[in-house]
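Participant: Since the structure of chain R is already known, use the hints to place chains L, Y and E on it.
Chains as they are written, first to last, in my numbering: chain R, 2 to 349; chain L, 2 to 349; chain Y, 2 to 349; chain E, 2 to 349.
Just to be clear, a hint being listed does not mean it is correct.
Pairs involving identical chains hold if they fit within one copy or between any two copies, as the list cannot separate such chains.
[To be verified] The calculated DSBU-like cross-link candidates involving lysine-lysine, where the alpha carbons are at most 35 Å apart (straight line), are:
id, residue 1, residue 2
1, K97, K6
2, K265, K169
3, K257, K120
4, K121, K265
5, K257, K97
6, K265, K194
7, K45, K194
8, K194, K121
9, K112, K97
10, K169, K112
11, K169, K97
12, K120, K97
13, K257, K45
14, K256, K121
To be clear, the hints were calculated from the coordinates, so they are not data collected in a lab. Predicted model only: the values in this text are computed from it and were never measured.
There are 4 protein chains.
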Amino acid sequence: MNKTKINAAILGATGYAGVELVRLLAAHPYANIVHLASHSYAGKRISEVHPALRGICDLVLQEDDLMAAAEAADVVFMALPAGIAADSVDEAILAKAKVIDLGADFRLHDKAVYEQWYKKEHHGDAALGEAVYGLCELHRDEVRGARLVANPGCYTTCSILSLYPLLKAGLVCTDGIIIDAKSGTSGAGRGAKTTSLFCEVDESIKAYGLATHRHTPEIEQELSLAAGVPVTLQFTPHLVPMNRGILATCYARVKKGVGADDVKAAYEIYRGEPFIRLCDSPVETRNVKGGNFVDIYLQLDERTGNIIVLGAIDNLVKGAAGQAVQNMNLLFGLDEGTGLMMAPGATL
Amino acid sequence: MNKTKINAAILGATGYAGVELVRLLAAHPYANIVHLASHSYAGKRISEVHPALRGICDLVLQEDDLMAAAEAADVVFMALPAGIAADSVDEAILAKAKVIDLGADFRLHDKAVYEQWYKKEHHGDAALGEAVYGLCELHRDEVRGARLVANPGCYTTCSILSLYPLLKAGLVCTDGIIIDAKSGTSGAGRGAKTTSLFCEVDESIKAYGLATHRHTPEIEQELSLAAGVPVTLQFTPHLVPMNRGILATCYARVKKGVGADDVKAAYEIYRGEPFIRLCDSPVETRNVKGGNFVDIYLQLDERTGNIIVLGAIDNLVKGAAGQAVQNMNLLFGLDEGTGLMMAPGATL
Amino acid sequence: MNKTKINAAILGATGYAGVELVRLLAAHPYANIVHLASHSYAGKRISEVHPALRGICDLVLQEDDLMAAAEAADVVFMALPAGIAADSVDEAILAKAKVIDLGADFRLHDKAVYEQWYKKEHHGDAALGEAVYGLCELHRDEVRGARLVANPGCYTTCSILSLYPLLKAGLVCTDGIIIDAKSGTSGAGRGAKTTSLFCEVDESIKAYGLATHRHTPEIEQELSLAAGVPVTLQFTPHLVPMNRGILATCYARVKKGVGADDVKAAYEIYRGEPFIRLCDSPVETRNVKGGNFVDIYLQLDERTGNIIVLGAIDNLVKGAAGQAVQNMNLLFGLDEGTGLMMAPGATL
Amino acid sequence: MNKTKINAAILGATGYAGVELVRLLAAHPYANIVHLASHSYAGKRISEVHPALRGICDLVLQEDDLMAAAEAADVVFMALPAGIAADSVDEAILAKAKVIDLGADFRLHDKAVYEQWYKKEHHGDAALGEAVYGLCELHRDEVRGARLVANPGCYTTCSILSLYPLLKAGLVCTDGIIIDAKSGTSGAGRGAKTTSLFCEVDESIKAYGLATHRHTPEIEQELSLAAGVPVTLQFTPHLVPMNRGILATCYARVKKGVGADDVKAAYEIYRGEPFIRLCDSPVETRNVKGGNFVDIYLQLDERTGNIIVLGAIDNLVKGAAGQAVQNMNLLFGLDEGTGLMMAPGATL
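Next comes chain R alone, as it looks inside the complex (with noise of 0.2 Å):
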């Protein structure tokens, strides 16, 4: 384990997801954040943005520059509109640091299937070919001898985690599975839309993107490749009035003769996951605010054939800001958990 000080740098920092990594980096104990950039507030200090942070980084915000954010780091956190990162990552920024995207742009292995549902081309083909999926529960060693991390995202991260066992184990349908999602409207992002106001939001559900949302593909990339077969899904994402949390409301048709007991042992894939839970009972946004972990809660319905998963995380930490810290650690030799085991916010 390498204890030397990490170098961090972050594009877009001022964002949502940019400004949890500077909360989890800050109590990092083998992080340093050298370079932080955005190119909304550049010149300012990032603590001026979020006067959260007075004391804990202060740092002067940068323009958005990969290259110098590469040649001040060893490692590059990039949170960034969908297309950039896909313009921009190339060997010679590969050669000076490692790079995290918490973007869209390397997620997906065919580039087809992302100009499809993102509606736009796709110039990164080079990097794309070694873009590691940095989901870690699924793919923790090939992120360790990676140089590029594609970062899950949020809705997907809850997902993938809360199905992949029923899948790798064969127990469900592969056709017919629906996955009901509700987030925090920080996945909305921190751009001023009308639809992302207060009075808009506030006292207030809503599903969106029906048919179309983006990381449908994602999750049936991962999905497919653990059955071994095409896995067509339904997504569908809700916004929920709270900051913060994403719930998965997944459900699948179980195989025949399948029982709970089968369930229970598929989902003993996870034994030993630092950062996943198995719940009693049906878990609830606010015991994983703030922490890094996936709570999971499965429920057999013999009656209708179904089988309920419930799948909860915060969509900054583990959707975004801590799976790619716990990426980090991963890429620098470090435990998988340094930095992020702090307690979800209790009850509140």
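Facilitator: Just chains L, Y and E now, with coordinates in the frame of chain R:
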């Protein structure tokens, strides 16, 4: 149309459904609140318990006593815990006043189903025999001539009205239906339970009652009637950190060859319904808050073969007090929308 | 009382005050919405922008054009940014229609005070000269004969009505008054600003506009009139994570010898006011939500010599659209409470 | 600095302050939780009651028994209702373990003042005699040598630290001080009361405890000590629909000739304090959420002659559990910030 004032009584007047009835009846042009009762607050004015009502309704609360209420009023609204109505509504009562029961005791035609899901005996055979299930859009003709109306549950109203046209028209498979529903916290009632505390609900979402929620057989009863064959479905409720509102996200597999036009045509059955709004974009519960509307949005996903139906209501209005008033209007020969055409709370 | 329908126009109809006007006027028995305008959404239906209004009001939004509105309507409600009304309301307009301005341009009698606090020139001398300050409880006789009504600010309505009787009766020192006010987020408007985002407002409270908030001189103007001497006071607004509601916590030092009975007697001046409710326990904003009431609670603290007055209103109703309708009722000879006696949203 | 692990016990471990102590101590490098007690949940694991703690702390809850706790631990944190600590902390206890009482029993030096405001007799004279008021910034030297620490109240911590420099420096009049404070709902505790239900708190703000709140004499005690003369002030708490956070808006009249520079100079007394942050813009409670900081902002209003001081803390951290850990650090010779330098929850 009988324009004499209808004298109304409410048992359980201080619970959330009860006080919403007061709010609606106080604004109803042909209703007159003459009797309010509350087991917990008898002797106090309703406006001491709910100061929002000061100057609107200041009646002193009586002890819960169905006969006293029936003698005082033309119609008695019962908003009491399960079992009480079954034990107390009888010929003597119904000879004196019409009864609209907001509880569950008379909703399920089959007593055995009630006893199975509610885990208690049902002692009201005679009343059950004549009770009409008061989902106005489906049963308004029967309601008009009834003495006893079983006002539907909140989740059920939203779920049934969302899916009814599909099953009536035979466009979807009757197995595999999934209803993933989300409710505001007023649905949990006004009892002082730890799980309903602000700090236990705020900033979190959870599922509950998996595979066992009592609204399940009520939805199945009505959709089976629509389909003409027994329908068994998955119903999963969730608790959302907001006061009011229910969103039902419903999934069904369309039969081979069924297209978007067929689906659209099926919902033409709702043309002319005063409270059903078919929407061009995904519904949000804030758009029905405080109103009696049911907002419905349809999306066929040809990739998966599923149809997704979103339904939204205010659980306290169309899901309880508003529908009860709608039933009262039918019982007394008034226009169904009387006192109920208020705009929902605009955007907030 | 003139029961012919009043034709009403609204400029700025898609902002929170504008849409609340639509909600109230749609339910008003003698009003008829004939013209809606919005700079940002011209060409769309109001119900496309605010789907809550589907079926209630589906008018197409016009461009903001005061003359067009004045020609179409008997009364024009203006809910526009500061400065526009001062620039555009003139004799030609007032010859065609009554104008109720929900903005600040005609509230301050002294143009110099306006220019000092609003940091802009005022170009509407003539209109200012005839404008009546439409705080109905204090100025209803003047409003009745007016052509131009300056509808008071939200904070000011709540603050003035809370303190007025004390200053009118001369019971408190005119210096040292402190108003610590708290508002829901709709008061910040519907503009897409970062500071109004859900995640920036939720789960937090802050003060803003310390010593500089523009409602200060408006409160001072009216309380000085009441006291007969100039009143200079401290006004501090706060932003609360809720949609609606204002609570004003007001502090004044009682003069020597003044007791609780004197204070109580002073508030007798409000006897008979349809919208003022003097309460026996501390007020809560939820009790006025959606209604036009002003709830007031008094407490004399003999230990400190202060009187504390709590006032609560719904900022969008009594603090904006409701009071504007109240003014319309006065302008057109209707009973002041017409269309405004709805119960607040019960407990939630 | 003693780096042996400190064994810690908590009585009242399932309340909001108790569970926050668990959260902080679990992450503290030199603390070891050895004993947790709860009257209501004895026999269950803390992580059954608060599933957020699964894997972080899974101890079985004992019955509340101070002697058992004192025998098991080096330090006992008491988070119990008023009166219990006064009745039970004695020489026998203090001979075995240090005690940090998060309740009110030992905060007021004058027993008569306690009995007047708490309306109950105080039976702990001896303990009261040696208790140290654990507001670390003012009394850290006394705390270091103490056996019994009275951890300050939440409102009081925020109010005292906001105003202390002004009174210490003699810049403001000692009469006429007003503290208008706002708190999140966790301050009301975890008891199952109707007034703490989600639907009774959400979307509303109210004042409570006018002129009678028990934190008043505690603030007066400390500010009188600072001023050298008795200070009588007005303290008004409010309930805000959020989980955590206190904002104190404090008003005082500056003495003649006092200017902004004098005020600024007075707060230099806080230079070097690890947890006090003097801010350039009005504070927001979200910026201290989850952290141990006190954010303070000053504004002198020359127009009115008032100084306004805004103070913000997290009521469960600096207002309870965090300050208790800060006191533990002092008691055991650790650096005061050990285990407490976490960043607040960024923007959300």
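Participant: Next, verify each hint and record whether it holds.
Facilitator: Do the hints match the structure? See the list:
no. : hint        : in the structure
1   : K97 - K6    : within (17 Å within a copy, 42 Å between copies)
2   : K265 - K169 : within (13 Å within a copy, 39 Å between copies)
3   : K257 - K120 : between (40 Å within a copy, 29 Å between copies)
4   : K121 - K265 : between (42 Å within a copy, 32 Å between copies)
5   : K257 - K97  : neither (53 Å within a copy, 55 Å between copies)
6   : K265 - K194 : between (44 Å within a copy, 32 Å between copies)
7   : K45 - K194  : both (23 Å within a copy, 19 Å between copies)
8   : K194 - K121 : both (22 Å within a copy, 28 Å between copies)
9   : K112 - K97  : within (25 Å within a copy, 64 Å between copies)
10  : K169 - K112 : within (25 Å within a copy, 43 Å between copies)
11  : K169 - K97  : neither (37 Å within a copy, 55 Å between copies)
12  : K120 - K97  : within (31 Å within a copy, 53 Å between copies)
13  : K257 - K45  : neither (61 Å within a copy, 38 Å between copies)
14  : K256 - K121 : between (39 Å within a copy, 34 Å between copies)
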